[in-house]
Each structure stands twice: as C-alpha cells, then as structure tokens.
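These protein sequence lines map, in sequence, to chains A and B. Mapping of the first sequence onto the working numbering: residues 1 to 78, in sequence order. Mapping of the second sequence onto the working numbering: residues 1 to 213, in sequence order.
Some hints could be false.
Straight-line C-alpha distance at most 20 Å; calculated SDA-like pairs for lysine to any residue [unchecked claim]:
| no. | chain 1 | residue 1 | chain 2 | residue 2 |
| --- | --- | --- | --- | --- |
| 1 | B | Lys144 | A | His67 |
| 2 | B | Lys37 | A | Ile55 |
| 3 | A | Lys75 | B | Gly25 |
| 4 | B | Lys66 | A | His67 |
Reference listing, derived: stretches of chain A covered by chain B, where coverage requires no fewer than 3 residues with Cβ under 8 Å from a Cβ of chain B [to be verified]:
| no. | stretch |
| --- | --- |
| 5 | 6 to 14 |
| 6 | 21 to 31 |
| 7 | 37 to 43 |
| 8 | 46 to 56 |
Derived by calculation from the structure, the hints in this document are not laboratory data. Even glycine gets a Cβ: it sits at the ideal position worked out from N, Cα and C.
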Amino acid sequence: MTCTEFLAQLDELIDNEVTAEMRADLQEHLRGCEHCEVTLNTTRKTIEIYRSHEIYELPGDLRERLHSAIMARCKRGC
Amino acid sequence: MATIQPIAGENEQHPDVALVERVRGGDVAAYDTLVRKYERQVFRIAQHITQNREDAEDVTQDAFLKAYEKLDQFQGNSKFYTWLVRIAVNESLMRLRKRRTGKMVSIDEDVETEEGSVPRDLADWAPDPEQNYSQAELAEILRKTIQGLPQGFRVVFVLRDVEGLSTEETAETLGLSVPAVKSRLLRARLQLRERLTRYFRKKNGLKESGVEK
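So that you can see chain B by itself, here it is in the shape it has in the complex (with noise of 0.2 Å):
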C-alpha cells in the first residue's frame, strides 16, 4: 500500500524537518527514523525505474547514502521526501545508464509515442476484476502492464499516482515542466487502462485466460 505524505499547511512545519535539524547536529538516530520511514518507497521507486531488484536494492542504499552525505544541502523549501526521491530517480537512471553501456537513459525515452493516447479499447470491464485473479496472478498482471510503458510515462505515473506526490512535486523532482507532466500522466494513465483491459474486460462471466508465465 503506498503511503501518501500527508500535507502540512503552509505556516505548519513537517516534522521530518525536525529529523533533518537533528541528524545535522550529529544524531544518527533520527537518520534511522527517516530510513526506516521511507525505504519501501525507496526501494519500490528504484524497481520501477530499473526493473531489476539488485539495482534496486543497490540504489536504496546508495541514494540513502547520498541524501546523508548531501543533507546540508537540502532545502527546507521542498520536503525531504520528494528530495529523497528525486536523488532516487537519478541513482535509478544511473544504474541504468551503467547497465546499459552506450545506450542512452533518460526520463524522456520514448515519450513521443502517440500509442495509447486515444482510447480504442473500449469494453468496460467485469466488477471488481481483480476477483477473478490469485494475489500473485493480479501482481504479475500489475507488473508486465506497467512495465510495457516507455520509461518517461512510467515514471511519472508511479510518482503522481502511486506514491502520492503532486504534479508539481513530480516535475521539480524529474526537472519536467508542469504542462509536460500533465501530458504524460494522461497518456500513462490511458495506456494502463488499455492495457489491462485485456485481463479485466467484461466477458460474459468468462474469466480471461490466465497470466503467460
């Protein structure tokens, strides 16, 4: 379940600030507060990007390494989390950019697709048809689908709409504008749902046919 940073109001400080003054001043501990309060979102950011699970777990520590490294840079302007997490994308990228030696990584690839864009596919889908699948048969639905997007939509996707950041904390974290966030999540949204109406669609009380393994 993704946990969604609740939002402090304007003259309201967030209390991983409070952690952020005291891990300054040399305490280790409130740096353990703030691992623990976030590596499963670390972590499930780094899977995303890098579809691999050693890099994954490669880049969590790395980019909890580097945010304690670096904490006297950050900015009480933005929140802690969405700097965590814009230091976890580009660990993500660069893991992938090693990885993929000669090939060129980057949040932009294969945006310029109009795949998706316009729905076609539009048999509405079974109630609840998650129902219809194991836990384990759902996740690996969840999984294949997600990552037959391009990488930019992806991304943006998995900021704004599962780990609960705004379009505008997305495009500081991802360095997109506004406008270009806006685009992509509609099209990783449209695409998505295409996409996964071939497991989910209304079929007469026939359950589609299961998960290619």
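Extracted from the complex, chain A is given alone in its bound form (with noise of 0.2 Å):
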C-alpha cells in the first residue's frame, strides 16, 4: 500500500468505517511508514481538539436574552 492509498482510506479508518481485511492492510503499511502515523495520529486529535472545546460560546445572558426573544416572536404568532 502507497501513502496516497493510506491517506484515501483515513478518514473511513478515523470514523471506524473500514472493513477488517482494510483495516489489517492499513495497519500493515502504518508499521512502516512513520509520516503516515504522524498524519493519522494529528489528525485525530485535530478533531478531537475541535470537537472538546467550545469556540463559539454563547454566554448565558446572551442566551437567555435571545431565548426570550424568539419565544416573545413566536407566543405573538411570528
């Protein structure tokens, strides 16, 4: 397996998507092949990174002001 192959199948091995016989070609060519490692290994934890912070909160007064104001539109029917 090439590293353009690998990289083909990463994010279906990442989202656990891949079949056992695929999975056991990609490990094959992981034991070799150190840059494939790194690239599999960051970017899972590029999504895990993204997924376990909040970059866009919205503050609770924030919330509770636009919470009323949708509901003040709907209660009058929009």
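Hints are included, so try docking the two chains, each in its own frame, into the full complex.
If you want it as structure tokens, here you go:
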C-alpha cells in the first residue's frame, strides 16, 4: 500500500468504517511508515480538539436574551 | 462541548417528534423546550459561517422563527435537528450575501483548492499540545485556524465533526452529494491538521511562539 492509498482511506479509518481486511492492510502500512502514522494521529487529535473545545460559546446572558426574543415573537405568532 | 444527538433506532420515535407534534397542536411551551435544546448549536453553526457575532445572533433568532413558521412543512422522515440546521445554514449564507453585497456566497466557494490535500508538514505534535496554551490562547488558535479554511470545507467539518451529524445528514443539510461531503471532509481535516501543526509541533520541549493578537 502506498501513502496515497493510505490517505484515501484515512477518514474511513478514523470513523471506523473500514472492513477488517482493509484495517489489517492499513495497519501493515502504518508499521513501516512513520509519516502516515503522524498524519493519522495528529488528524485524530485535530478532530478531538475541535470537538472538546467550545470556541464560540454562547454566554448565559446572551442566551437568555436570545431565547426570550425568540419565544416572544413565536408567542405573537411570528 | 458539542452535543451529539443520540441516534434513535429505526422503530423508536425520536423525542423531538413528540415535541414537534405538541407545537403543531398549539403548545408553545413545547417549542420553548426545542429552542433551549438547540440554541447553542444553532448559534455556533451561525458563528462558524458568518464569522460575526451580531450576525450569528440574528441568524439564531431568524432560524428558530422560520422553523416555527414552517413547522407544518417538517416531514418526520428527517430529524428535527437536521432540518433546523439546514434552515440555520441557509439563513447564515443569506446573511453573508447581504453583508457582501454583489458577491456570490455559497458553500461551493473556494473549494477548488488543492491546498492541504497532501500532507506536507509531517512534524509530530507534542504530547497534549493544548497544555502549552491557556484556554483563551487555545480558543484563539482554534478560531483563527478554522476561519482560514474555505467556507465549503469549514461548514462540512463543523457539521460532521463538531456537531456530530452523519455524512448523509451533512450531505442532505448542505444539498451536496455524499462523495462531495467525504472529499471535503478529508481535505478539511488535513488542512486543519496542517495548520495546527504550526502551533502544536514537538519542539524539544520549547513552547511555540505565542498567538499573534
């Protein structure tokens, strides 16, 4: 397996959507390719870091204000 | 923290469906529950697309009002959340169009780039690289990095990886094919990874220079 072929399966591997056979082939490639191992690990970390950090937080007071405005208009029938 | 919708089994009714039915029957309080459940996600998606706080506030309001008005058109064959996100994405894009009058704005913008489709910077990251930054610095790095992605990649990444929609739901929400979503997702992930490497690379124990403010 080449690095390009590995990359083509990267998302499926990360999302656990590969067959057992494909997984074995990918793991075989990883054993001999440090570059792909780094790419896989840091891509996983990239997703995890975006999932676990709130970068656009909705502060409580703004949330309440928005919520009240929405509900007030809905109650009027929009 | 992203809230990921539990996926109901095929024969189970999603709890939102009952709430939607109550709203259709005139129970405004049931809509209050739905708004509370999803307002943070809608706001976040609107921020990601408009990159402007005021616009995101307006979009959040408009999206929930539009959803309320159009609730009769909601078909139970998709999830209420996916349907709502679709409205929020469209409202966000409309807001951008208003802001940049005369300029086409779509989720197809700028996606014809080859940048980042092949990893170039292969430096490994420090273990727990986020520990080298304060929460505020880290949030700034993550914001700047994702804002630099082409719109069409950013939206796919946000819906699929941050908000937890499936590939099929992301495709349906954005009016894209499943292969298009997959191709954009891979490139979005690789580009973000590449850009974050600048901050997170292993550097003999030395901290990468701080965030430009």
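Now the hints, each set against the structure:
1. In summary, the hint linking Lys144(B) to His67(A) is not supported, as the alpha carbons are separated by about 28 Å, beyond the 20 Å threshold.
2. Note on Lys37(B) and Ile55(A): the hinted pairing holds, with a Cα-Cα distance of about 19 Å set against a maximum of 20 Å.
3. With a CA separation close to 14 Å, the supplied pair Lys75(A) and Gly25(B) stays within the 20 Å bound.
4. Restraint check: the Cα-Cα separation between Lys66(B) and His67(A) comes to about 14 Å, which is no more than 20 Å; the hinted pair holds.
5. Judged by the Cβ-Cβ criterion of 8 Å, the stretch 6 to 14 of chain A is covered by chain B as claimed, because 4 of its residues qualify and three suffice.
6. Check on the stretch 21 to 31 of chain A: 0 of its residues sit with their Cβ under 8 Å from a Cβ of chain B, so the three-residue criterion for coverage is violated.
7. Counting residues of the stretch 37 to 43 of chain A whose CB falls under 8 Å from any CB of chain B gives 5; the rule of at least 3 is met.
8. Counting residues of the stretch 46 to 56 of chain A whose C-beta lies closer than 8 Å to any C-beta of chain B gives 10; at least three are required, and the coverage claim holds.
Hints 1 and 6 from the earlier list are contradicted by this structure; the remaining hints agree with it.
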